[in-house]
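Residue numbers (the numbering used here), protein chains in the order written: chain S, 1 to 369; chain Z, 1 to 502; chain X, 1 to 368.
Note that these hints are calculated values from the structure, not bench results.
A hint or two may mislead.
[To be verified] From the derived model, a few chain S residues whose C-beta atoms are all more than 10 angstroms from chain X:
1) I89
2) P119
3) N180
4) H244
5) K248
6) L255
7) M256
8) I260
9) T304
10) L308
11) Y346
12) F351
[Stated by the list, open to error] Okay, derived cross-link-like pairs now, DSS-like style, lysine-lysine, Cα gap no bigger than 27 angstroms in a straight line:
13) K38/S with K304/X
14) K146/Z with K59/Z
15) K101/Z with K162/Z
16) K31/X with K323/S
17) K162/X with K241/X
18) K168/S with K241/X
19) K319/X with K168/S
20) K323/S with K68/S
21) K325/S with K76/X
22) K191/X with K323/S
23) K77/X with K325/S
24) K266/X with K218/X
25) K215/S with K181/Z
26) K38/S with K218/X
27) K144/X with K46/X
28) K144/X with K208/X
29) K267/X with K162/X
30) K258/X with K325/S
31) K248/S with K162/X
32) K168/S with K358/X
33) K306/S with K445/Z
34) K248/S with K336/X
35) K144/X with K248/S
36) K330/S with K46/X
37) K267/X with K337/X
From the three backbone atoms N, C-alpha and C, an ideal C-beta is built for every residue, glycine too.
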Amino acid sequence: MSKQLKESLTVSPFFLLFLIHSTQTGVGLLNFQSNIVKGAGQDAWVSVLLVGISIHIIIWLMYYLLKKSNNGDIMSLHQQLFGKWIGNILNTFFYIYMLLVITTIMRSYIAVLITWVFPYFPIWLLSFIMLFVITYFVIGGFRVITGICFWGVIIPSLLLLTSYFPLKYAYWTNLLPVFNHSISDYFVSAKYCILMYSGPEFLLIYFPFIKNNQKSQKWAHISQAYTIILYLFITFVSFAYFSHGQLKHITWPTLMMSKIIRYPFIERFEYVYIFLWLLVILPPCCMALWGAFRILKESFQFKTRKSLWFSIIIVHIMVISLKSKLDVEKIGTFMTYATSSFLYFYIPILFIIYLVFQAFKKADRLGRN
Amino acid sequence: MRLKSSERNLNNQESEKEKKSITSIFQQAAKSSDFYQFSLSEEQDLTISYFKSMVDADKINNLLLPSLQEHIKKISTINDVKKSIPFEDVQFTNEPLDIEKRLLKGYVILEFKYFKRFLTISVENTNLGYRENNDTENEFSVIGPKVGFVENISTNLHLLRKQLAVPELVFEEIKIGSMSKTEVVIAYLDGITNPEYVQTVRQRLEDIDFDVIFDNSQIDQIISDNSNSPFPIFLSTERTDRVVYAMVNGQVAILSNGSPYIITGPTTILDFFISPEDYYLNWVLGSFFRIIRIISVIFSLFATPIYVAILTYHYEVLPDDLLQPLISSRAHVPFPPIWEAIFLETTIELLREAGARLPTKIGQTLGIVGGIVIGQASVQAALTSNILLIIVSLSALASFTTPIFKMSNAIRLLRFPLILLAAFMGGFGIIIGFVLLLGHLLKLKSLGNPYMVPLYPFRIKSFSDSFIRSSYQFTSTRSRFLRPLSLKRYSPNQDKDDRNNE
Amino acid sequence: MNRINPKNLYFFCTFFLLSLLISGCSFPRQKIIDEVQILSVYGFDKVDDHFVGTALYSDFTDVGNKGSSILQGSGKKSLLIKQALNEQSPKPIEIGKLNLLIFGKELAENGVSYFVKAVCRDPLLGSNALLAVSEEPAGELLKKNKEKDSNYIYKMVEQNFKNQFVPLPTFHSFLFDYYGEGRDASVPYIKINQNENIEVNGLAVFKKDKLALILNPKESLLYKILRGRVIRGQTEFNIQKGNKIDSAILTILNGDEKRLIKTNKKKTKMKFDITLNGMVKDYPEWLDLMKRKNNLFLNNQLEKQMKEDFENLLLTFQKHQVDPLGIGDLARAHSKKWNEKEFYENVYPTIKFDVNVKVVLSQSGIGE
């Protein structure tokens, strides 16, 4: 039962801080405000907080399962619980989920690029270029992906300093009155929050690549806590910056907010935001692609290169087949359901099945004795 | 493949040579005009043979010949000869192969026909063909020693041993080059340098199969972890203080005979932006200059691409007041910004290259005249805008602040793909280029050590000597990422009490 | 050890060549700065059933050209107007660096919602661009600017925002108020004066998307103070002592504004606490400010007058059913349930205003 790979492949548990946080942030950070406001209005930050806390529980469940699985990842856990055949079918679903994650993130980012900067740029070319970059990182292996996760947190964090500008125009009364929404409103907001918190599920794949992974749980929770704080901060800033009612009319509030930033040498800061955002979306894309071929490798013993090319081509086709803005919205909605059912439904069920499985095994052993 | 087969040929030749007699060796040598062979006396049949171009003629005339003539009558056994000759390296041999090798290395061969023995005496003139002057020529600094390495390896070893007067300093010699048989020395501090690095270097050097090693930088390329990278994997320097500092920190140095440059490794990217001068100045100033240098690298990489991107795609970014000068300076330029930028960048590269090839004095004149005249003329001829001229020449200037020549070359090269990407996709192209560069740097390793350390993997404790050069109080330990066997370098001074303030 | 992976090298080379090739015939439409026409001011008017757009730009490629050029086109949609402008222009029209958007008064009275949707929300425009309403049709106004720099009006409005009576006139603040619940938008009002020069002459207040009220400069300053944030500017006031009447100038250096809303069962009370730091200049000679008594008297007069002015302004807003101060928003923030329509129909007209003004005078009389 070696749950950890040889040391030269692993990264120190400290990097979980960046791995989890950077895979959570993505294009969702550009537009979640205008979605969550649809439910609980100015109180939607409560949903952001609550969903964040619930993810803590999910991470705890994941850790419990991962510690008990044979190879320390979900592929072996599936095979362990359901046998080889059903386990591999479940792994295939997980593989498709990974590809959908890349597709959604890439297509949403391309939508931003096309709307804001390059209206005449063909989608296939943008997709090709981005996939080239993603593949370049993924070929480097897990340590290089950890590297981009690290830089994907550090460099965009500099953008946080620019929140000084929107704060100059903040009306804090926009956040009042507190708690005047019904529970169902909070749920609507929470539904839109889930997608931007998705990311810890990659832990199910890269867990064996963490050094001392049995004791690394602390870092995962610290990372999740940081994500919550960051999201709450952005939520508060944008609620204070945009008036009540204005948010509904804006597709990408974070970018809209960055328009107010103005330096003597650079008048329109949103371009810096849009381009630097590539560093924010790269980590989840790289991680998902890496996870995808890792699933193929672990469960079907496919060759790395071949499964990588296979996955890339599928993603490219999916991205270019999403032509209109409506398609992007549709796949976003679909991913919301997919992620929420995966995180809140599948993992607890897996947990219960594991407990039942364990109980049976115990009973079996006792019976035999 | 071709190399290996040629080696096989050589091996074959050698085995043939074994069969060769010593006379045939002398016959072959006699074809050269610098081969001298003569007898001193008839009765003892003593023949002396050597290559005049390799030996120290003074030593032969003033020491060897007189002592031979003096003692020649008294010789009864062959060992007497050895005693009577005032040289340290005197050996007997009858092996034709040995004799040939030593003859070519500058030994004098004495043939005693009476004893049927050959005596080889080392009178090699090691200084012949080397320059005397050992000032640093390319890595200049205002403060600090100006002693540099020279082509002669024994001088270089001497320089190292003079500064590191500890028995732990180890020189390991390896011969490389199937034809040149160059002496290559691995130098490290035993008990400090991680033996893994020494082992890696030793292994890689031993694996080298090459004909002639002209310069250390060839070894650098051959043993580097990734030879497709524009970045230098090893730091090559001609400054003694740099090498000593690297070794003290637990790096391995590789010297090779005939090269004034010494390479050290494993390196990290920040090592290339460190100048020894940083350590000779007060830490505040040292840090300031180091930060200036790092900023100038970023500027040099991205200034022209950003110009191209903004002027081609993102005019919105420009402030109102900049719009007018930019537009009016570009108004009569017939090319798009990309061609304008490529044209100017190439011009600067031409000037640099021409300056490097020409003798120093002419080169400087050319630099100034070419820079001013071509710059002015091309602006007046509306080939480029004068704002771009400022940007390009500033970024060229900025790229020269990098202390290591190879690194500044890499930076100047990387500008071109970035400019192309900027012309292709504007700011998005620049960020794509930046991300690819980042990925490349993340993948790079020097002797198996990550190249980006301490930035990634993140080592907060090593930041005291990275972007800044903090006070000597905080740099008393070696960098942990080099995994040295002992971390402590020295005990830092305590703060001096201010007595007046008590 | 020389590990050249030929596959990698090949891949790299093809990518490099590809990028070279593509940069030759690049896909996105290039917008090289000297090959586009960068508009600085865009004005819209309504003529009969279609719109007329007037654009102002400076042609920097011609060094000798000091003034600005004008393009005018009409159409039913903003894109058609742009197309009409393009038809007259040697270079493609780009609106990315638009600094000022002007609506003609007639258009503003008829509603600007179409342009807010089609132009103001265009991601190409910056949030720091300004908006204004002109008394004359925007086209006529812009034609007066022909001799001057194309950014002249923009700089004029901005200067008046920084130092005078104009409240924050940016796109962001306009959209904030326009879309905000319980808020109405307000933008600077510009016109051509008797000397045929362009000047800022007050503030245009919208109700929803229609122009409803025009404030004069003095009211505009009072409004700026009530709005808080940037409190600066100067205003004239009367001094009456005995039978002597004269006026003086109050220069406001900075200030502080606090709002409080109280809702009882039927009555809603709104309280403003305003502190102004400033100095009085140009006061009549018969008032000796070196005397403490006179100083107090001046302060009292000032506070009384200001309070009256403020309350009158608030009543004007109430009368015209406009809410540029965001009182509705404040009410929303302090009540659990709030309905915009109901508030403006029933509550807003009955709100009682109470303005407390405190003027702190300093350095009065300096400069004599």
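Results of checking the hints against the structure:
no., hint, verdict
1, I89, "34 angstroms, holds"
2, P119, "8 angstroms, violated"
3, N180, "5 angstroms, violated"
4, H244, "5 angstroms, violated"
5, K248, "8 angstroms, violated"
6, L255, "8 angstroms, violated"
7, M256, "7 angstroms, violated"
8, I260, "5 angstroms, violated"
9, T304, "14 angstroms, holds"
10, L308, "13 angstroms, holds"
11, Y346, "38 angstroms, holds"
12, F351, "40 angstroms, holds"
13, K38/S with K304/X, "46 angstroms, violated"
14, K146/Z with K59/Z, "33 angstroms, violated"
15, K101/Z with K162/Z, "31 angstroms, violated"
16, K31/X with K323/S, "25 angstroms, holds"
17, K162/X with K241/X, "34 angstroms, violated"
18, K168/S with K241/X, "43 angstroms, violated"
19, K319/X with K168/S, "32 angstroms, violated"
20, K323/S with K68/S, "43 angstroms, violated"
21, K325/S with K76/X, "26 angstroms, holds"
22, K191/X with K323/S, "47 angstroms, violated"
23, K77/X with K325/S, "23 angstroms, holds"
24, K266/X with K218/X, "33 angstroms, violated"
25, K215/S with K181/Z, "54 angstroms, violated"
26, K38/S with K218/X, "41 angstroms, violated"
27, K144/X with K46/X, "19 angstroms, holds"
28, K144/X with K208/X, "30 angstroms, violated"
29, K267/X with K162/X, "38 angstroms, violated"
30, K258/X with K325/S, "44 angstroms, violated"
31, K248/S with K162/X, "31 angstroms, violated"
32, K168/S with K358/X, "25 angstroms, holds"
33, K306/S with K445/Z, "26 angstroms, holds"
34, K248/S with K336/X, "21 angstroms, holds"
35, K144/X with K248/S, "39 angstroms, violated"
36, K330/S with K46/X, "39 angstroms, violated"
37, K267/X with K337/X, "16 angstroms, holds"
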